[in-house]
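S.K.: Chain by chain, the residues:
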Amino acid sequence: MTKFSNKLMTGIIALFAILMFATPSLAQSVDVNSALNSTLEAIGTSASDAALEDGASAEEAASAANDAISSIVAEVFGDRDAKIFNTLLFLIGGFLVMWMAAGFTMLETGLVRKKNVSMQALKNIALYSIAGLMFWLVGYNVMYGGEAGGFIGSFSPSNFPEPGADTAEAGYSVASDWFFQMAFVAATASIVSGAVAERVRLWAFLAFTVVLTGLLYPITGMWQWGGGWLAELGFSDFAGSTLVHSVGGWAALAGVIFIGARKGKYSANGMVTPMPGSSIPLATLGMFILWMGWFGFNGASQLAMGTIADVADISRIFANTNLAAAAGAITAMILVQLIYKKVDVTMVINGALAGLVSITAEPLTPSVPFALFIGAIGGAIVVFTIPLLDKLKLDDVVGAIPVHLLAGIWGTMIVPLTNDGTSYVTQLIGISAIGAFTFIASSIVWLILKVTIGIRVSEEDEALGLDKAEVGVEAYPEF
Amino acid sequence: MTKFSNKLMTGIIALFAILMFATPSLAQSVDVNSALNSTLEAIGTSASDAALEDGASAEEAASAANDAISSIVAEVFGDRDAKIFNTLLFLIGGFLVMWMAAGFTMLETGLVRKKNVSMQALKNIALYSIAGLMFWLVGYNVMYGGEAGGFIGSFSPSNFPEPGADTAEAGYSVASDWFFQMAFVAATASIVSGAVAERVRLWAFLAFTVVLTGLLYPITGMWQWGGGWLAELGFSDFAGSTLVHSVGGWAALAGVIFIGARKGKYSANGMVTPMPGSSIPLATLGMFILWMGWFGFNGASQLAMGTIADVADISRIFANTNLAAAAGAITAMILVQLIYKKVDVTMVINGALAGLVSITAEPLTPSVPFALFIGAIGGAIVVFTIPLLDKLKLDDVVGAIPVHLLAGIWGTMIVPLTNDGTSYVTQLIGISAIGAFTFIASSIVWLILKVTIGIRVSEEDEALGLDKAEVGVEAYPEF
Amino acid sequence: MTKFSNKLMTGIIALFAILMFATPSLAQSVDVNSALNSTLEAIGTSASDAALEDGASAEEAASAANDAISSIVAEVFGDRDAKIFNTLLFLIGGFLVMWMAAGFTMLETGLVRKKNVSMQALKNIALYSIAGLMFWLVGYNVMYGGEAGGFIGSFSPSNFPEPGADTAEAGYSVASDWFFQMAFVAATASIVSGAVAERVRLWAFLAFTVVLTGLLYPITGMWQWGGGWLAELGFSDFAGSTLVHSVGGWAALAGVIFIGARKGKYSANGMVTPMPGSSIPLATLGMFILWMGWFGFNGASQLAMGTIADVADISRIFANTNLAAAAGAITAMILVQLIYKKVDVTMVINGALAGLVSITAEPLTPSVPFALFIGAIGGAIVVFTIPLLDKLKLDDVVGAIPVHLLAGIWGTMIVPLTNDGTSYVTQLIGISAIGAFTFIASSIVWLILKVTIGIRVSEEDEALGLDKAEVGVEAYPEF
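Residue numbers (numbering that gives the first Met the number 0), protein chains in the order written: chain A, 0 to 478; chain B, 0 to 478; chain C, 0 to 478.
If you are wondering where the hints come from, they were derived from the structure by calculation, not from laboratory data.
Heads up, a few of these hints could be off.
When chains are identical, the list treats them as one kind, so a pair holds in a single copy or across two.
Here are the simulated DSS-like cross-link-like pairs (lysine-lysine), alpha carbons at most 25 Å apart as the crow flies [to be verified]:
| hint | residue 1 | residue 2 |
| --- | --- | --- |
| 1 | K341 | K449 |
| 2 | K467 | K264 |
| 3 | K449 | K340 |
| 4 | K113 | K467 |
| 5 | K467 | K340 |
| 6 | K340 | K113 |
| 7 | K262 | K341 |
| 8 | K262 | K392 |
| 9 | K264 | K390 |
| 10 | K340 | K264 |
| 11 | K341 | K467 |
Predicted model only: the values in this text are computed from it and were never measured.
Generate coordinates for the entire structure from the input sequences, incorporating the hints supplied.
M.R.: Written out as structure tokens, the structure reads:
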């Protein structure tokens, strides 16, 4: 009797206190708290009753109630906040990686010639839009809807919980994960966009983007991040040196091969005609946007922020990511100074980006000296392989293949140096399998497009510029 | 009696502990914890004592202590973290929406002609600054300082709690809400800035901005978000398709009518002279900035992030917002290809923005297919109405009226399709009331400015360009 | 016996509940929670046992267990979440301040002439990279590794805890603090970059940057933020009006003096030749990026977000920071209109930035009217001192000295107006000491560089432009 009135009084006081704290706009949190209190009370009482029934003494019963309540408090609060933190990580990481779409756009519009700038802007808006649509329609479930150890997920649109109904069973909201992962797919398509610039047909490129973002990327993504066969094998690629950057690079390489070099780039006698980009400040802005976005790319790939250890690991990733990029930029700067006696800023831009790509496969385990080493080699790769591509007459307009494919391979291969749980052989298997699949599948798609709608504009249109030919809007009409 | 004094004591101690909580530096977190522990102990002891005095058994007393402690732990922790999360949401959302000021600036400087670019940059810096000042001086309290069901709030500057003293009674810090809402006001003024570009007088535009951000926007804002008569009627506008975008659009329409078309835009024989923008990459950058900022615009309009349900809803809003924009861009792209055989990138830019505006009235309840549908119609509106405005000789330089006014109306009208708690009639009432008020009030302000200081530069200044005439600084002096 | 089985049962239930909530991807949180539960149980039991051994009654023992558990719950949760929030604050603040590197780059590439734009972009990429490297190698420990009241810290690279091992003893992750502080150092170097533009030699500038970011900035930083002698004296500089902006300004002033004015800027008869910047939209974008980044700069300098009071203070800082910038912009705008009859947008840009610099020394304590006043005077300083510098033939290309040095001094001197705990004398001592050290040390470094590798390009190279002379890449080759 007294016990009941005590409970009642406690309940009333608790309710009053909750009302003191809560506000109309936070109606849901009131319900959550009051439901929680009832639950705690019930759990305590039932644990205490159970103990008494088992013949426990009064203090033992109280202690049992105590234990049960403490345990549930620990779980409920720890868990609730952890889920909010995890989801918030995906949202912040997601808008940072989404922002990389602007980074690629600025980088590419800065590095193409004036007559093709509008086209490059248009392609990037379109590919980001298509990536979102395709990754919702089929990509996300192809990537994450499969069975452990498998090769491909399921073909169905993504489904997000109803408003107010998401209990975040996965430890984070599904839609936040979708958003974060979607932005990665778009990055992959952007890589292709830069390499095949200045001569690709708009609709052919967009058709390729549909397949890449809806199918090719999600399939190899499934192998690793979807828990497929490579994940079971022990392949390791923290944030996507291979899964994102090399995949984009392989697709770009296939495109560059099938589409051919820009008219006049390579003359018969082996001369290479420089075709400098139209705006260095925009290219630089693009690099800084990408650098900023990379904190979301690598940092949020920790996938959890609900413990001190997780958020500290994210901090370590931020530091390593930043320093690898710095090392890539500085290395490229020193090398071009030594080799060419001038500091080509586009090499430094690509050096920084290669540093970022290199550290992406493992931004957590390296100590700073290793992060610097990994990034520096990335920067060196750019300086030495960009001229090499020209020797091979592979006309990669923005340097996407050295930055994303070659530095991506380097970053993935070097993971075992700092991560004991990985092996060089497995890394090589993963790189090869994903590379072979993406290159062959991309080649098939480019080939089909070539023999059907055509992937390259006419010579007249190429000379005229794609802005006039395909977009109908000049980028700088008064200049 | 004793019981009552016990409760009183508990309350006082709790209050003390909470005040201890509000300390400015991390160094005191030890103190906070220890104060909290004392409080918990006191609460437990007093609950236990009260129970014993009421003749409770030992285990009942222990249980009472247990309940009291659990309840206070739940409140203090649940509540504390929820308030931090809510405020953090406003801060992150706020800097993302603030960033949209840069987006509008880039969009507009890219879409005006070279000779008016500095002016467009200046206007946007100035309007963002004025919006902040006016929304502090009077706007925030006109909007949120009124009575439920009312028409206008109070005229007084905003007041933020002293350092260390904010106990976030509202569930979030007042200053964080002010910051977030202030950035919305600036967006409204930016919409006007784009429409009346290339011929408006600087100080006339700024005078209009003062009235718009201090009075017009806050009044109609009060009707809905301030809890006024439209809110009571059941009008629904989640993040401002009507309250922000249409309001900006109506004010822009009034401006465009009173100021007239640019010299030479429309010839007597019905010809329309294209006046293409000076920089497509900057316009594209502006669109990406706006797209990014929109995650703050729509996402943080959830207004709470302290529960799993809230953060999951924000995630759903992110996904819907992104996909509506994508659908708007893709729809515009396909339509211009079909109609004009070339893909005018400015139409795609505006298509994406119209998709964003359309989903803003209700980014939470639509499932993805509905979000795509809502955004796609937004994109189509842009393609079909931009030429229409030219037929009406309404010279809207950047397409602000189709994007913000028409897509804003569309987005608001379609809310009942996915939100059962709304009605088409009420939506129509809200759109009409806000539209009528804003259009009439804006017209009066433009008219007063026209007959007093003048709203349009001289013909010579218009021909010379506003950069030389009003700013004295050319945007690209060496080009 | 029964007690033991009760414990066992509770343990099993707790474990089951944890497994229900946790997922494989959150493996660490499982360990944390389960470790926590065991701990709570052990603590409760031992407290209860101890009480019984001391002859306590059953209810006293239960109460002791209760107290002990509640206390640990409070600490673990309060503390855990506070540490996550604090670290998150540094990460978000860090990427916002990192983003300011792009802001300085856009501002500076927009304000230099076309022929020096690539160089300006390159310098900014390089200085941000070098700042990161040097602040890791030595700067962070020079700044934070010293003794209270001291003059210099220790010379050693930064060391971040191993993955998964950071228990955030400091209340935040070390790497997150490093990242945040590193971005501040880069801002200091950017200030110098703008002032000495268009004639400095690349490698000389980079050598200066090495010393500034590795040694000069960290030493004066140690005096205050590292807990050195100025901190003990009571000097107050919340986010770095003096420690960051004036330090950059003093180093820039020394550079401007030693390097001399650009050829043709000042003629013998006292005429000043205007050399307008190449792109106003990029300069405007730079200002908006800086404005956005400043929310991280000032807001995250609160250094903690784990209590309601802290996050509310951050909100207040956001509002004050925004309004001071607005006041600076509006004041500059009105003044240039009155003085020059035209509104030079570069003055408004610098007015906004000066408002930001001014409020940085104390963005928390001022009420809004004071924040507006502080920012407005900052804006006025810019308008009146930029012409003054030209009279002194100090050729500061972007206005860095008025904005960062003079407004920085103003902001620091005015702190006692709103912060009772400070004194004008101590502020003056701090400003003077840091100014004297930085100016003298910078002068020595510039002088050494001048007599060794040379700090100024040849007259031919200056006339040709640094892009062709040092970078080998024109910024706008087709314009």
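S.K.: Checking K262 and K341: alpha-carbon separation at most 25 Å within a copy, between copies, both or neither?
M.R.: between (28 Å within a copy, 23 Å between copies)
S.K.: If the cut is 25 Å between Cα atoms, do K341 and K467 qualify within a copy, between copies, both or neither?
M.R.: Between copies only: 9 Å across, 35 Å inside.
S.K.: Taking 25 Å as the upper bound on the Cα-Cα distance, should K449 and K340 be classified as within, between, both, or neither?
M.R.: between (42 Å within a copy, 21 Å between copies)
S.K.: Could you place K113 and K467 in one of the four classes (within, between, both, neither) given a Cα distance threshold of 25 Å?
M.R.: For K113 and K467, both the intra-copy (11 Å) and inter-copy (19 Å) Cα distances are at most 25 Å.
S.K.: For K340 vs K264, is the C-alpha pair at or below 25 Å within one copy, between two copies, both, or neither?
M.R.: Answer is within; shortest intra-copy Cα gap is 24 Å, inter-copy 29 Å.
S.K.: Could you place K467 and K264 in one of the four classes (within, between, both, neither) given a Cα distance threshold of 25 Å?
M.R.: Both ways: K467 and K264 sit 21 Å apart in one copy and 22 Å across, limit 25 Å.
S.K.: Check K262 against K392 for me: Cα-Cα at most 25 Å, and say if that holds within a copy, between copies, both or neither.
M.R.: So K262 and K392 pass the 25 Å test inside one copy only (12 Å; across, 44 Å).
S.K.: How would you label the pair K264, K390 (within, between, both, or neither) given a Cα cut-off of 25 Å?
M.R.: For K264 and K390, the Cα distance is within 25 Å only inside one copy (11 Å; across copies 46 Å).
S.K.: Should K340 paired with K113 be assigned to within, between, both, or neither, using CA atoms and 25 Å as the limit?
M.R.: between (27 Å within a copy, 22 Å between copies)
S.K.: Which holds for K467 with K340 at a C-alpha limit of 25 Å: within a copy, between copies, both or neither?
M.R.: Between copies, since 12 Å is at most 25 Å while 38 Å is not.
S.K.: Pop the pair K341 and K449 into one bin, within, between, both or neither, using alpha-carbon distances up to 25 Å.
M.R.: Classified as between; 20 Å across copies, 40 Å inside a copy.
Of the numbered hints given earlier, the model fails none.
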